[in-house]
Structure formats: structure tokens, C-alpha cells
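Undergrad: Each chain is listed here by its residues.
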Amino acid sequence: MPDEKYAVEMNQITKTFPGVKALDQVDFKVKKGEIHGLVGENGAGKSTLLKILMGVHQKDSESGDILLNGEKANINNPIMAEKYGLAAVYQHMMLAPKLSVAENIFLGEQPTKNGIVNWDYMYKETRKHLDSLNLTEINPKSRLDSLTNVQQEMVAIAKAVSHDANILIFDEPTALLAEKETEELHKTMLELKEKGVSIIYVNHRLDEVFEVCDRVTVLRDGEYVGTREISEVREDDLITMMVGREIGDLYYKEEIDKGEKILEVNNLNSGKKVIDASFELHKGEVLGFFGLIGAGRTELLRTIFGADKIDSGEIKINQKDVKINKPVDSINAGIGLIPEDRQKQGLALPLSVQDNCSLVSSMYSSNLGVLDKKSEEKETRRNVEDLNIKTPSIKQKVQFLSGGNQQKVVIAKWLNVDASILFFDESTVGIDVGAKKEIYKLMAELLKEDKAIIFISSYLPELLGVCDRIAVISEGKITGILDREEATEEKLLQLATV
Amino acid sequence: MEEQTIQENKLLNYFKNNVSKATLFLVLFAMWGILSILSPYFLTYNNIFNLVRQTSVIAVVATGMTFVIISGGIDLSVGSIVGVSGIIVSMLLLNGVPIILAIVITLLVTLLLGAVTGMFIYEGNVPPFIATLGMMSMARGLALLLSGGQILTGLPGAFISFAQITFLGIPMLTIVLIIVVALAFFVLTRTRFGRNVYTIGSSDEVARLSGINMRVNYYAIYMLNAFLSGIAGIMLTSRLSSGIPTSGNMYELDAIASVVIGGASLSGAEGSVLGTIIGALIMSTLRNGGNLLGVDPFWLRMATGLLIVLAVLFDQVRKKQ
Numbered sequence: 001m002p003d004e005k006y007a008v009e010m011n012q013i014t015k016t017f018p019g020v021k022a023l024d025q026v027d028f029k030v031k032k033g034e035i036h037g038l039v040g041e042n043g044a045g046k047s048t049l050l051k052i053l054m055g056v057h058q059k060d061s062e063s064g065d066i067l068l069n070g071e072k073a074n075i076n077n078p079i080m081a082e083k084y085g086l087a088a089v090y091q092h093m094m095l096a097p098k099l100s101v102a103e104n105i106f107l108g109e110q111p112t113k114n115g116i117v118n119w120d121y122m123y124k125e126t127r128k129h130l131d132s133l134n135l136t137e138i139n140p141k142s143r144l145d146s147l148t149n150v151q152q153e154m155v156a157i158a159k160a161v162s163h164d165a166n167i168l169i170f171d172e173p174t175a176l177l178a179e180k181e182t183e184e185l186h187k188t189m190l191e192l193k194e195k196g197v198s199i200i201y202v203n204h205r206l207d208e209v210f211e212v213c214d215r216v217t218v219l220r221d222g223e224y225v226g227t228r229e230i231s232e233v234r235e236d237d238l239i240t241m242m243v244g245r246e247i248g249d250l251y252y253k254e255e256i257d258k259g260e261k262i263l264e265v266n267n268l269n270s271g272k273k274v275i276d277a278s279f280e281l282h283k284g285e286v287l288g289f290f291g292l293i294g295a296g297r298t299e300l301l302r303t304i305f306g307a308d309k310i311d312s313g314e315i316k317i318n319q320k321d322v323k324i325n326k327p328v329d330s331i332n333a334g335i336g337l338i339p340e341d342r343q344k345q346g347l348a349l350p351l352s353v354q355d356n357c358s359l360v361s362s363m364y365s366s367n368l369g370v371l372d373k374k375s376e377e378k379e380t381r382r383n384v385e386d387l388n389i390k391t392p393s394i395k396q397k398v399q400f401l402s403g404g405n406q407q408k409v410v411i412a413k414w415l416n417v418d419a420s421i422l423f424f425d426e427s428t429v430g431i432d433v434g435a436k437k438e439i440y441k442l443m444a445e446l447l448k449e450d451k452a453i454i455f456i457s458s459y460l461p462e463l464l465g466v467c468d469r470i471a472v473i474s475e476g477k478i479t480g481i482l483d484r485e486e487a488t489e490e491k492l493l494q495l496a497t498v
Numbered sequence: 001m002e003e004q005t006i007q008e009n010k011l012l013n014y015f016k017n018n019v020s021k022a023t024l025f026l027v028l029f030a031m032w033g034i035l036s037i038l039s040p041y042f043l044t045y046n047n048i049f050n051l052v053r054q055t056s057v058i059a060v061v062a063t064g065m066t067f068v069i070i071s072g073g074i075d076l077s078v079g080s081i082v083g084v085s086g087i088i089v090s091m092l093l094l095n096g097v098p099i100i101l102a103i104v105i106t107l108l109v110t111l112l113l114g115a116v117t118g119m120f121i122y123e124g125n126v127p128p129f130i131a132t133l134g135m136m137s138m139a140r141g142l143a144l145l146l147s148g149g150q151i152l153t154g155l156p157g158a159f160i161s162f163a164q165i166t167f168l169g170i171p172m173l174t175i176v177l178i179i180v181v182a183l184a185f186f187v188l189t190r191t192r193f194g195r196n197v198y199t200i201g202s203s204d205e206v207a208r209l210s211g212i213n214m215r216v217n218y219y220a221i222y223m224l225n226a227f228l229s230g231i232a233g234i235m236l237t238s239r240l241s242s243g244i245p246t247s248g249n250m251y252e253l254d255a256i257a258s259v260v261i262g263g264a265s266l267s268g269a270e271g272s273v274l275g276t277i278i279g280a281l282i283m284s285t286l287r288n289g290g291n292l293l294g295v296d297p298f299w300l301r302m303a304t305g306l307l308i309v310l311a312v313l314f315d316q317v318r319k320k321q
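Protein chains in written order, with UniProt numbering: chain A, 1 to 498; chain G, 1 to 321.
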């Protein structure tokens, strides 16, 4: 029996991607006029679930069904989703930054009179939509990119509301917002709720979920864990639900004696995102970098690696000054970077596993520029075996591997040149738990060989689980470096928002 | 026994992994088959001789273009560089410079032109389309300026005869092509530079973060292409027995078409020398066959256009499956 009180009912949804089961019989129900939090670790399946709801992906055809306002819905594409009254406000909005607010709200459907755009009507209607959300300070004629982040998101909301959307999806809308802007956004969300709109709220920051949500659903590894009334749970309960029982042995860590100093950075500056950075790293150590998105963690690593320009400061490796102007300099000095976006920065996707594994090592193994294919093949086969890379053949194009296996190929690239300092930048995002665990184990192996690791993550339990020390970065500056023993989520978060 | 099955599997695997290349071969052979039935003249020594000789010049240009397109770039200046190198070599020869020296000087000039293109693209961040569009005009202008717009005749007999003589029954021009193709094949598949070209084609950022020297590689790619266009220009001058400032006109389009028909993707990281050569052969077979059958050349031109689009369309459909 369909239940009339639900705006969204997703029952027993399963979604399989080649090689990965992203969702396994997931239930998700949103009541009419509620704000419903959707939480889970990266890779838990939140975005996949929402993309199915929005018609971007299709669920496996034999699995479950979707009901909207009690009626069975067939959402085959985003246009259908819009017709059903669904709208999404993504972290990276689908708006045109160089057009005006009004043009964005009427994107693709400008009102016309005799075939000519009816600007008067467009501005007037836009004004009305903005006013209904109390956005009186936004001018319909302003160019979108002249607005602040939160104003731009408000425009996206106004656009959704202007399409009579009664179910709104907010996917990490606060990631780029300052605290005060988040408050504004929350106020608007509550106003929309008053009007009977149902809201799905994805947010990594649990405190914000607690602030506005009525109920919350937790996903883990593509499975439904449970739904709770927000008044009946505490943050700890949610975290336990999100991480599951495995937390103890998921983060693999061995006690390894720290060796001598391998990397020392003094007063490093680069652009506006790296300000006076100083720290040191020892052999056998994992140094974590924590900070909010956009705080400058990635930029600091990129600067040391030579991918971004160094304005001033010094870098010492094994107590010797090194000059780093471009990546090849740091590679020669023994640094390897496993970048944030493996698909765009780490891998040559259309090339084979072998080509990718020997991308860097061929710099040293090739003779007068001629590749030593035999030794490359041997090296790659060893990688496949050692790192348990699942691929039908070493000639397979890496674009066809799953996320975890792709990440292993990126790591293999650096193992093959025996890099002694490895930078892991959000390396476990979007890969399944099994592969994560393998990566932590591998890190431990590397540390035993006297290598050192810098590990960027936005996920605190992971950082606390694998790091020896954690440096916190806020607005380009290192605001503190805590030992594993003294680090807690609260202390780190506090330093991150200094 | 066991070894043999492995060998066979290898061959089978090769074709499985190279479906589009196998299809290309089939298309070419089918065209030859049909033409030899329709026209008794097609399979004669003279006609085949002509066909491969005609293909040789453009195929050398297309070989260079293969590198550029795999790197994710494009080079519109090749036709003009064919023209300007023809003029330069003719002028040097007419001024009594020995043949070998004249060729070396000409090729050095083309390397310089390629370096200028590389400079625009790497140092100036000008998109390859625009940088080479500029070079296309500049090189053509240079050819016209140097020659005063005149056709340069009276080249030494030894230079002219190069295009006419054969070795083991194969035209010399085709021998040059075979050498160029063999070297290019080796460079692209066996050297670090070749792999860098593919890596850059799949992503500049990945290449850079893997320690690849972008400056050296960008210059090398466009210099190599200009160099091969220079060789093609010298070959063409020998064949036409004169330096013609407008020669090589529109070669860029034929070269790009050959590369694309040969299975390369304009978004980079895909393509092969072998594919390009088959692509060039398919293009010239279409022309040669059309002429033999008395098809109106204007129709033929339209058919060539259609062929280019169909080749890419077919590839897109295959990829979607």
C-alpha cells in the first residue's frame, strides 16, 4: 500500500556499475514537508542514490521501485525528474556564471513575445521569485559571478522553486560557505519547509544536519543502515552507524619507529593558498593534513611537488637543500604525488595499465629514449600481484578499471621509482572499503621500508586512524600540528576554523 | 604445439584489440577488389605505381600529423610548409647549392618553423588551432614572397629524376615513405617520446605531474611535424620538377582526414602510424578509382567528404557499444 504521507519512497533500490555494486537494496523515504538528512562516508552511495532519483542514473531494472507522492514514478532522465517536481542544488551548480540572475532562472526557456525575448517579464518574474525567498538584496540584472557563493546558491534555489519543485535535493551546499552564509541557507531551507516543500539534505558536517533536519537516513558501503528521528539520536550514534563495527580494524596502523628527518619545509609561500608553511616529516611517519575544502592543503602539497610555483621558502630533503621548479625536480628528489583527482591528474585513462605503471619509471629505465618493454612488463606484473590490482590484462586501458584499482595503479607508478616520500591527497575517496583497507596496509608496508607519507583527508576518523601527527590548515596557514595522542575531532575542527 | 596456439592467440587478440584497424584493412581490400573487377586497368603495374607514388607525399605529411593529433593538438600549417620547403630547396638548387646541402638547409628551416609554432603554443599558450592557422598563412606568404609568386623551373636533372626512378620496382618516393613510416612507428611505439605523446594527449596535467618535460615534448612534436612536411615538400618538388609556391595547398585537410580515418581521435591519445597509412591509401584509392571509372571529380570530392564523416561516425558507434 502506497503511503500518502511520503513525498519520496525509494524501495529496495540496487545499482550495479561494472565491477562494483554501488547500492544494495536501499530503502529511502522522505515525508512531505520535512527536511531529511542523508549521511554516510564518501563512497557510501549517497550521490548514486540521488542521481537515480534525479534520473541521471538508472537503477538496476529488476530491483525495487520509486514512488513520488504515493504514485509510482518512472524517472528515466533529468527532464522527467523536473516534471515530477524534483530539483537539485548541487555543490557545483549547473548555472551559467556569465549570465544574469534572470537569465539563469529562465535558462533554456526565456519568455518571448513575437519571437523576441521578453526582458521586462523576465526581470519582473525573477524579482517575484527572489522576493518570495526574501532575497530582496539580489538584483535580477546582476551577473551571476558578481554574487557571493551563498547568493549564487540562493539563485539556484530560486530557480528550482520557480519550476514548482516540491522536492528539493541539497547536495553538500555548505561546503564552500562561511558559517554566516550557512545560517542564511538554513533559514531559507526552513522557510521552504514551511511552504510544504520536502528537502533532502546531504551534508558531511553532522552538526549542520542536527541543526535543521527532522529525520536522518544513514547509508554505508551501498547499504541502508537505518533512519532515525533527529530528536532521538546523538552525533556519536550516527557516526557509529556510518562507520559500522569495522572501525577498529579498518584503519590499519602498525607501530613503527620514526627515523631521521627526511623532509623539512621552511616558510614556504605560493600564491594566496600557501602562507608561511613550515613543518617536518620523518622516516616511517604519516603526517596528516586536515582542513576544510579550499583551505590550501592540496596547494601546499602541489607547491612542494613543483606543480605550483614557489614564491619563497626552502625545502630540504635528507637535510639537503633542493631547488624545485617543476615536478621532475621533486620526482628526482624522491617525492611521489598521488593526486586528488586520479582521473584527471593521476592517470592517462586511455592508456594501458602497463603504460601507466611505467609512466615515471621509464624516465630512468629507458635507454637513449628507447623503452625497455620487457622490464616494464615484468615490473607491471609484479605491481599487479603485489598490490592485488584486478585487471584482465596489463594491456587493459585503465579507464575500464574500478576506482580502487585505478588508485592502485597510481600508487604503483611511484613504487616503481622507489619514491621515498609519498603524498596521498584524498586517496581513499570514492573507492570501496576493501580497497581502502588494502591501501592502509600498503602504507604501513612502505613505512617499514623507511619511507614517509603525507596524508590529506577531509574525513576525521580516517586521519585519526592512520596518522602519527596531524597538521591543520586553515585559509592557507598551518594553524597547528597535533600528535596522534592529543588529537581529537573537536580540537582539529577548532583549529580548522581558526 | 603449445607455442603455436599461443602464437595464434596473440594474432587473434591483436585483431580483437584492434577491431577498427582490422576493419580498415577490410575496407581497403574491398575497395581494391571492387575496383579491379570494375576496371581492368586498376591492377596494372602502372596504375598501382601511380597510386602509391601519389599517396607517398601526402602520407609522409599525415605521418607527422599523427603525432600532433595523438598529442591532442592539430596542425593546419603543414600544407604551407610543404609549399615553402619546395620553394626554398628550388631556390638553393637554382643558385648552384649541391643537392644534399640544399636538402639539409631546407629541412633545418622547416625545423625552425616548427619551433616557432611550438613556441606560440607552449610559451604563449596559444591554442594549436590558432597558432598553426597563423603559421599556415605565414609560411604560405613566405613561399610566395621568396618566389615572387613565380614557378621556379630548371631544377637539376639529378634532383628531378629522384621521383621517377625506382628501386626493386618500387618508386623512390615510396621508399622514402616506407623509411619514414618505419622510423615513425618505432618512435611512437617503442620510445619514451612516443609514450609521452600519448600521455600528453590523454591529459596535459597527468603528463606534467608525471615529470614529463612539457616544453621539450611540445617543441619536439611540432618540429617533427614540420620536418616531415619539409621532406614531403622536397619529394613533391622533385615529382613536379619545379618549385611551385602554391603547392601543398589543402594538404592539411587530406592529412587530418587520413589520420582520422586511420582511427585517431581528435581528443587525443588514440591513433597509430599504421592506421594513418591505411587511411591515406583509402583516400587515394577513392580518388584513383573514381578517375578510372570516369566519375565526375566534383562528385568525388563530395564522396571524400562523406567518407571522412562516416569513418568517425562508425568509430563513435563502435565505442558506444
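Simulated from the structure, these hints should not be mistaken for laboratory data.
Each hint should be verified, as a subset may be incorrect.
[Said to hold, decoys possible] To list a few chain G residues with every Cβ distance to chain A over 12 Å, as calculated:
#1 Leu-26
#2 Gln-164
#3 Arg-192
#4 Tyr-198
#5 Arg-287
[As the list claims (entries may be wrong)] The list that follows gives simulated cross-link-like pairs (lysine to aspartate or glutamate, DMTMM-like), each with its CA atoms no further than 25 Å apart:
#6 A:Lys-395 with G:Glu-270
#7 A:Lys-326 with G:Glu-123
#8 A:Lys-397 with G:Asp-204
#9 A:Lys-180 with A:Glu-475
[Claimed, not checked] Covered stretches of chain A, going by a simulated chain G footprint (3 or more residues, C-beta under 8 Å):
#10 8-17
#11 51-58
#12 132-138
Please read these numbers as outputs of a predicted model, since none were measured by experiment.
C-beta atoms are modelled at their ideal positions from N, C-alpha and C, and glycine is treated no differently.
Undergrad: Quick check: the stretch 51-58 of chain A, covered by chain G? Criterion 3+ residues, Cβ under 8 Å.
TA: Per the Cβ count (0), the hint is violated.
Undergrad: Assess, step by step, whether the Cα of Lys-397 (chain A) is no farther than 25 Å from the Cα of Asp-204 (chain G), and give holds or violated.
TA: holds, 18 Å
Undergrad: Confirm or reject: Gln-164 (chain G) is not an interface residue toward chain A, with every Cβ-Cβ distance exceeding 12 Å.
TA: Since the minimum Cβ distance to chain A is about 36 Å, Gln-164 (chain G) lies beyond 12 Å and the statement holds.
Undergrad: Taking the minimum C-beta separation from Arg-287 (chain G) to chain A, is that value above 12 Å?
TA: holds, 32 Å
Undergrad: With a cut-off of 8 Å between beta carbons, are at least three residues of the stretch 132-138 of chain A near chain G?
TA: Answer violated; 0 residues pass the 8 Å Cβ test.
Undergrad: Quick one, are Lys-395 (chain A) and Glu-270 (chain G) close enough, alpha carbons at most 25 Å?
TA: holds, 15 Å
Undergrad: Between Lys-180 (chain A) and Glu-475 (chain A), does the CA-CA distance stay at or below 25 Å?
TA: Holds - the C-alpha atoms of Glu-475 (chain A) and Lys-180 (chain A) are around 17 Å apart, at most 25 Å.
Undergrad: Could you let me know if the closest chain A CB is still more than 12 Å away from the CB of Arg-192 (chain G)?
TA: violated, 5 Å
Undergrad: With a C-beta cutoff of 8 Å, work out whether three or more residues of the stretch 8-17 of chain A approach chain G closely enough for the coverage to hold.
TA: The restraint on the stretch 8-17 of chain A is violated, since only 0 of its residues have a Cβ under 8 Å from chain G and three are required.
Undergrad: Please settle this one: Leu-26 (chain G) was flagged as non-interface, so is its CB more than 12 Å from every CB on chain A?
TA: Check passes; 23 Å lies beyond 12 Å.
Undergrad: Can you confirm whether the C-alpha distance between Lys-326 (chain A) and Glu-123 (chain G) stays at or below 25 Å?
TA: Given that 25 Å is the threshold and the Cα spacing comes to 15 Å, the pair holds.
Undergrad: If we take the beta carbon of Tyr-198 (chain G), is the closest beta carbon in chain A still more than 12 Å away?
TA: Label violated. Min Cβ-Cβ 6 Å, cutoff 12 Å.
In summary, the numbered hints that this structure violates are 3, 4, 10, 11 and 12.
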